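S.K.: What follows is each chain in one-letter form.
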Amino acid sequence: MKSTEALETPMIKKKSKEKRKQYIAAYVFLLPWLIGFLGLILGPMISSLYLSFTRFDLLNTPEWIGLANFQAMFQDERWIASAKVTLTFVFIAVPTQLIAALLVAVLLNKKMAGIGFYRTTYYLPSLLGGSVAIAILWKNLFEIDGLVNQVLSYFNIQGQGWISHPDYALGTIIILATWQFGASMVIFLAGLKQIPKELYEAAAVDGGTKRQVFFRVTLPLLSPVIFFNLVIELIKSIQVFTSAFIISEGTGGPINSTLFYTLYLYQKGFTQFEMGYASAMAWVLVFVLGVMTLIIFFSSKYWVHYEDGGKL
Amino acid sequence: MNQSTKTSKVLTHVFIIVFGLLMLYPVVWMVASSFKPETLIFSSPSIFSKEWTLDNYMNGWNVVRNVTFGQFFQNSFLISMIAVLANLITCSMAAYAFARLKFPLKKLWFACMLMTIMLPAHATLIPQYTIFHNLGWVNTILPLTVPKLLATDAFFIFLMVQFFRGIPRELDESAIMDGCGIYQIYTRIIMPLAVPVLITTAIFTFIWTWDDFFSQILYLNTVDTFTVPLGLRLFLDSQGESSWGSVFAMSVLSLIPITTVFFIFQRYIVEGIATTGIKG
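Protein sequences, first through last, are from chains A and B. Residue numbering for the first sequence is 1 to 312, as defined by this note's numbering. Residue numbering for the second sequence is 1001 to 1280, as defined by this note's numbering.
Next up, chain B with everything else stripped away, as it sits in the complex (with noise of 0.2 Å):
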């Protein structure tokens, strides 16, 4: 290797460091800020700091009364699980239906299927608030689980689609022979070797379901059935700029289940994203 490849190789190499750190500066200094006494916050753009305190995170989780950010992260969880559980179960059935079974309309429902996953979801947003008003399900969690139950994610379906279209029908025809009906064929072969898909579909939902600021503002407006993101946007709403260290507090809170999901999946969400162009 000649002398100037190599100096390109360790420019490339510092040009990538530098502008990496600089994009996740902000993220780091956020992280830093939620330690520091609310005075030293803005006295310096460093992360470093003579003091450090945990002020911050008392104060921001007991910030409303009567109720504790410790609850926020209860209806955010309840809510994420049932969907992932909700979009595992009920996509995977429909996606073994379109990509096993022989029916009846099955080229209309999956054309219908297909289109809805570029559906703005505005076009439907009103007559369903209007369902789910009229139901009394406002400020329940059931408007945020109730349609994952009902696979109306058609993204994921799509995805488990292609995955179980990959699964050699062999297989399904052995364990014909071995007396296993379609039911069990679903249970017993293409589960267990979609586990790869299932888990791509259980991290995005999570991840979705949580950022799900719009969904949730809708349909969640009293304190107690705050959602995590809702609890932080009281912050913006009732103390303004007297309380940063606390609102960082939070927010850096927020933001660690979601990082922990990635950090334990990170091989198959960048898997995920890679081979079929999910995004995060």
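So here's chain A without its partners, still in its complex pose (with noise of 0.2 Å):
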């Protein structure tokens, strides 16, 4: 008996040093991101929720008003205009562009030639399309003299300034938006793949039309993809910013046509210095994507499905 114990003491102790040994290397290895976590993202967050309520100019120390910026904001013709156009655009591009993406994705799920070359081709719009230049050649596109009136001009058509024109100058970024369709894309022909072949087979058997095919077997089996597509979009639409502020040359015009809720924030924190209340425009902005993300989660029982019955 003695002599097991002995045994087992210097063992323990030697496991539990082991232990130790690990922790420590886990939390050097840890170490960066703690530091980033806690210095830049989390101390960051709770300073500017306390902004939010205060008057702030970066020099002076900030003043507290209470919910001052938030009333302010319901009552700002231009925090309206800009929350406008971003629901806007999010609701007509992501669908949009989903729409495109998953219908060019199911021409091209199938066995033909050059579909590596096709890939490409749909790929390169999402991947040029968050540059200043090609926000810059879409301003030059829809100008008077620009590329598309010229075409229209073939046709007969007399276009306008469509980037001065308050009516159409958040059509072109939706229009640029949608163009990028290329990467949500590649995500639906990877789902695509996934779908037993067996089920279309059966389909094919039980003699359903191709329009059948698509609503009763395709749809269903995408929609996890759907999902995932709606999320990132969504997260990506709300914060356009680039495009905007070069068509519009960084005002939002024309009369705050393309004013997006980024691009106001900017403004109103990095041109007039009211930095409170553009804290205040970020939390709005958080919490309203994160009321729209978890309508989306919740929502999904209804529509999306999973094979597994969807248990984690």
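Treat the hints as calculated values from the structure; they're not laboratory data. Please note: incorrect hints may appear among the correct ones.
As the list claims (entries may be wrong) - With a cut-off of at most 25 Å between alpha-carbon atoms, the simulated DSS-like pairs for lysine-lysine come out as follows:
hint : chain 1 : residue 1 : chain 2 : residue 2
1    : A       : Lys19     : B       : Lys1106
2    : A       : Lys111    : B       : Lys1006
3    : A       : Lys193    : B       : Lys1106
4    : A       : Lys193    : B       : Lys1006
5    : A       : Lys111    : A       : Lys193
6    : A       : Lys197    : B       : Lys1009
7    : A       : Lys17     : B       : Lys1107
8    : B       : Lys1009   : A       : Lys21
9    : A       : Lys110    : A       : Lys19
10   : B       : Lys1102   : A       : Lys17
11   : A       : Lys15     : B       : Lys1107
12   : B       : Lys1006   : A       : Lys14
13   : B       : Lys1102   : A       : Lys210
14   : B       : Lys1006   : A       : Lys210
15   : A       : Lys21     : B       : Lys1106
16   : A       : Lys15     : B       : Lys1106
17   : A       : Lys14     : B       : Lys1009
18   : B       : Lys1107   : A       : Lys19
Stated by the list, open to error - Coverage of chain A stretches by chain B, computed from C-beta distances (three or more under 8 Å per stretch; other residues unrestricted):
hint : region
19   : 114 to 125
20   : 159 to 170
21   : 195 to 203
22   : 281 to 292
Stated by the list, open to error - Just so you have them, the derived chain B footprint on chain A, three or more residues with Cβ under 8 Å:
hint : region
23   : 16 to 28
24   : 46 to 58
25   : 62 to 74
26   : 130 to 136
27   : 231 to 241
Keep in mind it's a predicted model, so treat the numbers as computed, not measured. Even glycine gets a Cβ: it sits at the ideal position worked out from N, Cα and C.
The task is to assemble the complex, starting from two chains supplied on their own in separate frames and drawing on the hints.
M.R.: Below is the structure:
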């Protein structure tokens, strides 16, 4: 008995020493992230929540003003305009982009020559579209003497300065976003590949038409991928900045028609230095995005179909 | 194969090609226009021209007094390269801890990391700016690179955790038998086997940093610190529509690094998007 005890104690000691060594090593590996998380994300998050209840201009100490920033927002015409522009954009651009991505993915989901080349062609706009260069090109395309109007004139259609017209300026940015459907398409293509062939064969045996097969087999089985793309695109589109900034030259005009939420936040925070107001705007954005994401998550049990019953 | 499916196949091809060309036409037109004399650019929507010139590139390159686009490219490359290296090292370190090691508070930190993936940058924007401003870092590359050294791109950590978990643990165990410690397992087993996910991370960090107009416009305000996107924006401010030729020329140049990376690593990009849902 004595001898085994004598053996065990060093073993346990050795084990706990090993454990401690692993804890230390783990925190060494985690250290950069931990400093970044505490110092650049969690700390600033709390701080910006506090700032949203203050008046703050970067140089003077923040002054507590309670809910005044939030109340001011709902009476601020430009804020209302920016919320409208962003929601309009999200509700049009996200579905349009996803439908385009889905349709082209279905077309490409066949054994055919040149598929790799086609996929690349359709993906390229997604690769380039976030750049200032493409935003500048877009601005030029839709100018009064731009490429779009030149092409339209071949069909005897008299175009106009699309960028400078308050009814159409937002439309050009929606087209730019839709143009970048390639990334979603690649994800849809990967999803389509996962659908078992037997299901299509069974549908064919049962005499299903192409349309029935699409709506009863393809769509339900692809719904997890649609769900994923929807969430990602929502997060992306609600934060659009570069294209709106370049196309409107930083103004959000004409008549606030391209005043995206993040663009107005930038103007408030960094040209007017109303940083308390900008922080309040940021938290409204986080809140709205959170609510929209939750709605999508909760609605998903009615329309997202998981093969394994959706259990995690 | 009967006649009608054959026709429909041909029609599909024709549609895909025509639609694809239509989509890429504006970009091709911009490239062509950058080589046309200013007066011919808007004379027709065609990409062909009876005259070609390099003037736009010469004029665009030297558009600002004292600073050339060469400087902007240098700044952009420096920031992007540091960002790529930093993300590769610090994100993989955090991912290794989450995927392989046991430590107190692991679940809490992991949840925090996941939460930051979906958090819009605006929630931390103003205090971050205040910190960097007080440190005197505005108009330096530090606000654009230090966050990457602190692994704030949580998305890549998540991506790597997923990948590291797929590497068989038996490899770790046999490495321990051979006398490897926790640190050697990271450098000799995990990292060499994780090359695909490291490449995906490097590519997208490069593209996103290169195109990160929002951070750049916040933190870089003097012309000598400008990056390529900020340099392009100068055209809109200073010259207006009088020099679209040189705007196009510099725009084309600004797209070359991203396009080159894309065509070299195409396989990884398309696979990366398809398997992880990362977007361009």
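S.K.: Decide, hint by hint, whether the structure agrees.
M.R.: Hint check results:
no. : hint                 : result
1   : A/Lys19 - B/Lys1106  : holds, 14 Å
2   : A/Lys111 - B/Lys1006 : holds, 13 Å
3   : A/Lys193 - B/Lys1106 : violated, 36 Å
4   : A/Lys193 - B/Lys1006 : holds, 23 Å
5   : A/Lys111 - A/Lys193  : holds, 11 Å
6   : A/Lys197 - B/Lys1009 : holds, 20 Å
7   : A/Lys17 - B/Lys1107  : holds, 22 Å
8   : B/Lys1009 - A/Lys21  : violated, 63 Å
9   : A/Lys110 - A/Lys19   : violated, 53 Å
10  : B/Lys1102 - A/Lys17  : holds, 13 Å
11  : A/Lys15 - B/Lys1107  : holds, 22 Å
12  : B/Lys1006 - A/Lys14  : violated, 73 Å
13  : B/Lys1102 - A/Lys210 : violated, 52 Å
14  : B/Lys1006 - A/Lys210 : holds, 17 Å
15  : A/Lys21 - B/Lys1106  : holds, 16 Å
16  : A/Lys15 - B/Lys1106  : holds, 20 Å
17  : A/Lys14 - B/Lys1009  : violated, 69 Å
18  : B/Lys1107 - A/Lys19  : holds, 17 Å
19  : 114 to 125           : holds (count 9)
20  : 159 to 170           : violated (count 0)
21  : 195 to 203           : violated (count 0)
22  : 281 to 292           : holds (count 6)
23  : 16 to 28             : holds (count 7)
24  : 46 to 58             : holds (count 5)
25  : 62 to 74             : violated (count 0)
26  : 130 to 136           : holds (count 6)
27  : 231 to 241           : holds (count 6)
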